[in-house]
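Single-letter residue listing:
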Amino acid sequence: MNFSVWIVVSGLLVIGIAAGFLMHRSDFCMAGAFRDVFLFKSYKLIRPLVLLITLSALLFELFHLTGVLPSYPFRWFSPPAGVNIFGGVVFGLGMVLAGGCVVGVLYKMGSGNLMALVAFIGLLVGSALYAEIHTWWISLAKQTNFSTSAVTLPQWIGVSPIIPVLAVVAIGGFFCWRWQQAGLWVDKNEAEGFIPLWLTATGLAALGGLTVLLSGIPMGVTTSYAKGAALVESWIVPGHLATLPYFTTMPGHHTLPLDGILRSGGAGAHFDIVAIVQVPLILGIIGGAWLSAQLLGEFRIIWKVPFNQIAMVFTGGVIMALGARMSPGCNVWHLWGGLPLLTMQSLLFVVGLVPGAWLGGKVLQRVLVPGAPLKRLNS
Amino acid sequence: MRTLEMDIRGQVCPSSLLLVLREINRQHRDLMVGHLCMVVLTDNRDATGTIPEAVRNMGIDAVVEKVDGYYRITTQQQKH
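Quick note, the sequences are listed as chains A and B, same order.
Mapping to my numbering: the first sequence position 291 is 291, numbers consecutive.
Mapping to my numbering: the second sequence position 62 is 62, numbers consecutive.
One-sided excerpt, in silico: chain A residues whose CB lies under 7 Å from chain B:
1) G99
2) E192
3) E298
4) V369
Hints are computed from structural coordinates only; laboratory data are not their basis.
Just so we're clear, the structure is a prediction, and the values are computed from it rather than from any experiment.
For each residue, glycine too, the CB sits at the ideal point set by N, CA and C.
Generate the whole structure from the sequences, applying the supplied hints.
Put into structure tokens, the structure is as follows:
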């Protein structure tokens, strides 16, 4: 590793620790944000997500206008395809059943939650399963392409991004202001050391901005779950691994802003550009949540958990990983990185994510409280 | 007064709130007249906000205490 890679890896590790700490203190659950709208008619967790997206859109556009972004739109976003919606549906279903999204699983695991570890294993298994269908899926994705060149909505309609992005900022800002006026940013959480959700959303937007400045791309973690799956397969079935194009090719290319060197990366078990920008965040989020839980005296591993929940969470992890690869990209990548730029992949992902979360809520309710009077639950 | 203890520590989110709501629906009358006290043990930080809010909306009060690294939420008959 050269010096600039050390700087990026160390910086992203610190960013990840701060993000994990904030997420644990606020229980900032993005899966819950979508799930609770349908399950409890609660918008409590959606509000900070709107704030996060609004602030990120403002920040990224400022970076764009001042010329500090090495590439605009960010690398690894592609023109949209119909499969982006399907991937969103699958991802939404999986994240609700898993009890957390791809980063929710990390901060919950860091605080000692065994279920999150089960979901994490499910994510590795799902990534390995996707590798088996990757070639077929890519050919299907190509057949459903909407556009051959436009990555963002402004590019597609042929306008400068500043007007549509500022419109998004204005609409998001208006809603955040109305919620402020209505007193809806006041949290009723009584957990020790709780950090208000609006403050965590603001902090996460700032950390997302720092990630972009340091690495040149927004936060993302899921390709490294595939790397984890590839690593396990390399120990168990190395011969089979060698036959899987998903694990043996390096289709992603990226230049770190610090040294300008073009590097390649993929889902294989190598320390490549994907690992440089994702693995420190993963380790940092786990570490930050662990630190927060330790300081509060709340780090506990509870072994006695219902088997039906273990089965549901594992299945959710598998489904979520499949959705993340089919989209391609996870909720963090699309909501926190793509949506602020109005990338069409991310817009389509959200179109699928919403019904997926609704479906997940229905299944979750039947697994956790079977036979309960479902209508009265929401009263 | 009966006491119903629900240990939901370690379970997947949002089982704490779903299970509590199910029990409140089943035993609402006993909770309202003070014949039943529900004690919920949870390590879900979000539940310290969602459970008291949900039960208060249904006319029952709740108290949150931190005990040995987890949270104990106790329902109480609301004073009129």
